[in-house]
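Those protein sequences? They're chains A and B, same order as listed. Be aware that the first sequence starts at 1, since it is given in this note's numbering, and climbs by one per residue. Be aware that the second sequence starts at 1, since it is given in this note's numbering, and climbs by one per residue.
Since the hints were derived computationally from the structure, they do not count as laboratory data. Note that the Cβ used here is the ideal one computed from N, Cα and C, for glycine as well. A few of these clues could be false.
Partial pick of chain A residues on the chain B-facing surface, computed with a CB cut under 7 angstroms [unchecked claim]: (1) A17; (2) F34; (3) L46; (4) K100; (5) F103.
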Amino acid sequence: QKEVEQNSGPLSVPEGAIASLNCTYSDRVSQSFFWYRQYSGKSPELIMSIYSNGDKEDGRFTAQLNKASQYVSLLIRDSQPSDSATYLCAVPGEAGGGNKLTFGTGTQLKVEL
Amino acid sequence: NAGVTQTPKFQVLKTGQSMTLQCAQDMNHNSMYWYRQDPGMGLRLIYYSASEGTTDKGEVPNGYNVSRLNKREFSLRLESAAPSQTSVYFCASIPLTGLSYGYTFGSGTRLTVV
């Protein structure tokens with residue numbers, strides 16, 4: 001069983017700052033990683049996916065992957081109050097395993113005015 | 001495009017009652033999943049269906065059964081509800097091409113067992 005670990009937070013940042021969210025995983029086979037955003041009382045929505053070592057940028061979001069260190073992070077630049085949510089890291093399960101995702105418990109982000 | 005539709009959105013059951021949570025997707029997706037989400041526990045996989053006609057257990061299958069009725073629909077049944085099954089249940093799906101675009105989630109069913 002793959003473990004995915006995240007700091008539960010809350011992580012508080014001022015508006016306009018960079019928010020850094022981290023995720024570690026215990027399996028070395030994973031090829032792809034996902035970040036989901038979940039607003040309170042809502043369902044998770046995909047915001048970033050990353051497959052290769054290095055950085056992937058999409059607007060204000062940057063995902064960083066280091067497979068050797070089994071570490072994936074999400075940076076949110078120019079944080080806005082609307083970014084306040086819980087961010088879930090997700091890692092696929094074993095090869096041939098039905099494309100199952102294992103989720104971390106999530107990091108709650110609070111962007112303060 | 002409705003995406004993934006779950007019914008009901010809210011439900012209160014008494015211990016021992018049974019019910020079926022419904023999930024339907026209109027995206028021609030191949031694989032479907034049922035997760036439960038509890039505070040501090042994250043999303044945990046209950047059952048999944050990799051393709052029409054197949055179902056498999058996930059991490060926490062005890063107390064649940066599933067039916068992949070057709071390619072569109074994947075239902076989750078609680079035969080005898082217990083307070084430990086109080087949770088938010090999410091259905092999700094992915095296309096035949098796999099996880100390239102991640103899961104598409106339904107809006108969830110909030111179940112309380114008293």
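Against the structure, test the hints numbered earlier, and report the numbers of the ones violated in rising order.
Result: hint 1 breaks, nothing else.
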